[in-house]
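Q: Use the sequences and the hints to build the structure in full.
So you can see what is in the structure, the chains are spelled out below.
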Amino acid sequence: ELKVEQNPLFLSMQEGKNYTIYCNYSTTSDRLYWYRQDPGKSLESLFVLLSNGAVKQEGRLMASLDTKARLSTLHITAAVHDLSATYFCAAAAQETSGSRLTFGEGTQLTVNP
Amino acid sequence: NAGVTQTPKFQVLKTGQSMTLQCAQDMNHEYMSWYRQDPGMGLRLIHYSVGAGITDQGEVPNGYNVSRSTTEDFPLRLLSAAPSQTSVYFCASSYFAGFADGYTFGSGTRLTVV
Numbered sequence: 001e002l003k004v005e006q007n008p009l010f011l012s013m014q015e016g017k018n019y020t021i022y023c024n025y026s027t028t029s030d031r032l033y034w035y036r037q038d039p040g041k042s043l044e045s046l047f048v049l050l051s052n053g054a055v056k057q058e059g060r061l062m063a064s065l066d067t068k069a070r071l072s073t074l075h076i077t078a079a080v081h082d083l084s085a086t087y088f089c090a091a092a093a094q095e096t097s098g099s100r101l102t103f104g105e106g107t108q109l110t111v112n113p
Numbered sequence: 114n115a116g117v118t119q120t121p122k123f124q125v126l127k128t129g130q131s132m133t134l135q136c137a138q139d140m141n142h143e144y145m146s147w148y149r150q151d152p153g154m155g156l157r158l159i160h161y162s163v164g165a166g167i168t169d170q171g172e173v174p175n176g177y178n179v180s181r182s183t184t185e186d187f188p189l190r191l192l193s194a195a196p197s198q199t200s201v202y203f204c205a206s207s208y209f210a211g212f213a214d215g216y217t218f219g220s221g222t223r224l225t226v227v
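Keeping their order, the protein sequence lines are chains A and B. Just so it is clear: in the first sequence, position 11 is 11 by this note's numbering, and no numbers are missing. Just so it is clear: in the second sequence, position 37 is 150 by this note's numbering, and no numbers are missing.
Just so you know, these hints were derived from the structure itself, not from any lab. All values derive from a computational prediction rather than experimental measurement. Keep in mind that the hints are not guaranteed to be accurate.
Said to hold, decoys possible - Listed below are several chain B residues computed to face chain A (Cβ distance under 10 Å; list not exhaustive): (1) V117; (2) D139; (3) S146; (4) D169; (5) A205.
Note that the Cβ used here is the ideal one computed from N, Cα and C, for glycine as well.
A: In C-alpha cells:
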C-alpha cells in the first residue's frame, strides 16, 4: 500500500527566506504531483514530475523528484506573503498508471512580513 | 471552458438521508475520481474510474456508490448519510496517465450531516 508523508506539516517563515518541503513515499511510483490549496478553495496543480531527476520551476517554487530515494522536494526561494497556502504532494503507485493518487497530509505554509 | 463542475457547492443532510453529488467534465478526460478532505488528513480516495463503464474502490469507499455511464459524468451517491460523512468532497479528472497537466479538481462540495 502506497503511503505518502510530508514534512513539515506546519511551516512559518519570514519573507525573503528559503525553505524546502519534503515528500516521501513508500513504494515505487513513477509520477509525483504537487498542488496548492488556499483556504476554502480547490486544489491548483503546480507540478507533475514523471521521471527520476525531473526538476521543474515556476516563479519562486522549484520541485524535484528522486525515485531511487522515493523523495520529492518543493523548494521555496525568497518567500513572499502570496505563497501562504497549504501544499500537498501526491503519488501514484507505478502499477496504477496514475489512476489513483495518494496524498500527503499537506504542509500549511505561512509567510510573515 | 468549464473544466470540472461540481454541484451542489453546499449541502446539509439529516442522518439517514440519501443524495447524489454531481460531477461533470468537458475535457474528454478518461480518468475521474472522488476524494474527501477532512481536517489534518489530506485527501482520501473514495472511488475512481478509468473510463466509461469502469469504476473501482479507493481507500474509503464504504457508504458511497458511483457509476460512469458517460465519459463526462461521474456522480457520487451517499446511500444513507452519517455524521462521519461530513466532509468536503472533490471530484477530479485527468487524461490517461496524467501526462503534463496532472489532475484538474472541481471546486468542491461542502457536506454537513446532522
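Q: Hints numbered earlier in the text: which of these fail when held up against the supplied structure?
A: Number 2 - this is the single hint that the structure violates.
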